Amino acid sequence: MDARKAIAEFLKVDLANVTVHVTLLGGGFGRKSKPDFICERRLFLARAVGAVRVQWTREDDLQHSYYHSVAAHRLAALDSSGKVTAWLHRSAYPAIASVFAPNVPGPSADELTNGASDIPFDIPNMSVEACPAVAMARIGWYRSVNAVHYGFAIGSFVDELAHAAKQDTGDFLLQLIGSDRQVDLSKAGLVAPASNYGATWADHPLDSARARGRAAGDGQERDGRGGKLRAARGVASPSIAASCRTWRWWWRSRCSPTGPCWCRRRPSRSTPGMSPTPIVPGHRWRALITAMSNTL
Numbered sequence: 313m314d315a316r317k318a319i320a321e322f323l324k325v326d327l328a329n330v331t332v333h334v335t336l337l338g339g340g341f342g343r344k345s346k347p348d349f350i351c352e353r354r355l356f357l358a359r360a361v362g363a364v365r366v367q368w369t370r371e372d373d374l375q376h377s378y379y380h381s382v383a384a385h386r387l388a389a390l391d392s393s394g395k396v397t398a399w400l401h402r403s404a405y406p407a408i409a410s411v412f413a414p415n416v417p418g419p420s421a422d423e424l425t426n427g428a429s430d431i432p433f434d435i436p437n438m439s440v441e442a443c444p445a446v447a448m449a450r451i452g453w454y455r456s457v458n459a460v461h462y463g464f465a466i467g468s469f470v471d472e473l474a475h476a477a478k479q480d481t482g483d484f485l486l487q488l489i490g491s492d493r494q495v496d497l498s499k500a501g502l503v504a505p506a507s508n509y510g511a512t513w514a515d516h517p518l519d520s521a522r523a524r525g526r527a528a529g530d531g532q533e534r535d536g537r538g539g540k541l542r543a544a545r546g547v548a549s550p551s552i553a554a555s556c557r558t559w560r561w562w563w564r565s566r567c568s569p570t571g572p573c574w575c576r577r578r579p580s581r582s583t584p585g586m587s588p589t590p591i592v593p594g595h596r597w598r599a600l601i602t603a604m605s606n607t608l
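Heads up: the sequence shown begins at 313 in my numbering, then just goes up one per residue.
Think of the hints as simulated: they come from the structure by calculation, not from any bench.
In this text, all values refer to a predicted model and were calculated from it rather than measured experimentally.
Every residue, glycine too, gets a C-beta built ideally from N, C-alpha and C.
Mixed in with the good hints, there may be bad ones.
Said to hold, decoys possible - Derived BS3-like pairs: lysine-lysine, alpha-carbon spacing no greater than 30 Å straight-line:
#	residue 1	residue 2
1	Lys-317	Lys-344
2	Lys-317	Lys-346
3	Lys-395	Lys-478
To be verified - Across the chosen pairs, the derived CB separations fall in these ranges:
#	residue 1	residue 2	range
4	Asp-492	Val-364	29 to 37 Å
5	Arg-365	Gln-494	49 to 57 Å
6	Leu-323	Asp-492	56 to 64 Å
7	Phe-412	Arg-370	24 to 32 Å
8	Ile-435	Ala-328	50 to 58 Å
9	Leu-337	Met-448	51 to 59 Å
Between the sequences and the hints, there should be enough to build the whole structure, so can you do that?
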């Protein structure tokens, strides 16, 4: 439907006269839900005979796409006797809602449950805070959404804590998870009533015992709540299973912080009904991250 609306607006025709043949999503991971490339293809079709295949170069993809939100995190833990007794996680990144309403100042409480306030760590004192941040480019909330930067920040911080304690990261994670228990985040006041995808915490609990397991079953097998997990097709290392969300990603910039910027060679693109894509050189990303860090 979004693609049909975009094409109808782009060609200034009635929506009823637009037909889109839906294909399998493939490895889109959310990018194919943005219809800008479909409008580009339709523009080529108006000047060609027969089918047209549109394939972006990697440079096109990096300069004119939708981007995962830039984020800055600051974490602190108080550890006076070899144990983490307090946890402070302060983050700043553009909210999902800012894509549709630019006046939204920062992340909502629900966004914090996507990897920040729902971590199954047995820490008596925990504070998760969000700071405002303004998006400098079009945001595309792809696979895993906020869990990308939350997982990276928390996983990196736990690595630093384990290193300071001279412990193995996997063993340190198991200590943070603590004893087997079900964590009711709603009673702790950490999540909104509408979270957990509308399910009750009794039906779909955050169970630390599951995070400690080594095996992961497929959708047709018993998930192991309240009992020993079955051996299944997928097997994860205990450190990965314990951390729940620990992904790392690296982003390299081809822009010089002080010299000429190759990103400015191409004009920005825009899609009907959407804000134009600005050219955002790498050194400007670094400046933005620095500015966001200063607000934490």
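Hint-by-hint comparison with the structure:
The hinted pair formed by Lys-317 and Lys-344 meets the criterion: a straight-line CA distance of about 15 Å does not exceed 30 Å. In summary, the hint linking Lys-317 to Lys-346 is supported, as the alpha carbons are separated by about 12 Å, within the 30 Å threshold. Only pairs whose Cα atoms come within 30 Å are accepted, and Lys-395 paired with Lys-478 is accepted, the gap being roughly 12 Å. Range check, Asp-492 to Val-364: Cβ separation about 57 Å, and the 29 to 37 Å hint is violated.
Distance hint check for Arg-365 and Gln-494: the Cβ-Cβ separation is about 51 Å, which falls inside the suggested range of 49 to 57 Å. The hint said 56 to 64 Å for the Cβ distance between Leu-323 and Asp-492, and at roughly 59 Å that hint holds. At about 29 Å, the beta-carbon gap between Phe-412 and Arg-370 stays in the expected band of 24 to 32 Å. Taking 50 to 58 Å as the suggested C-beta distance range, the pair Ile-435 and Ala-328 conforms, at roughly 57 Å.
Checked against the hint of 51 to 59 Å, the C-beta distance between Leu-337 and Met-448 comes to roughly 28 Å, which is inconsistent with it.
Consistency with the previously given hints fails for numbers 4, 9, ordered from lowest to highest.
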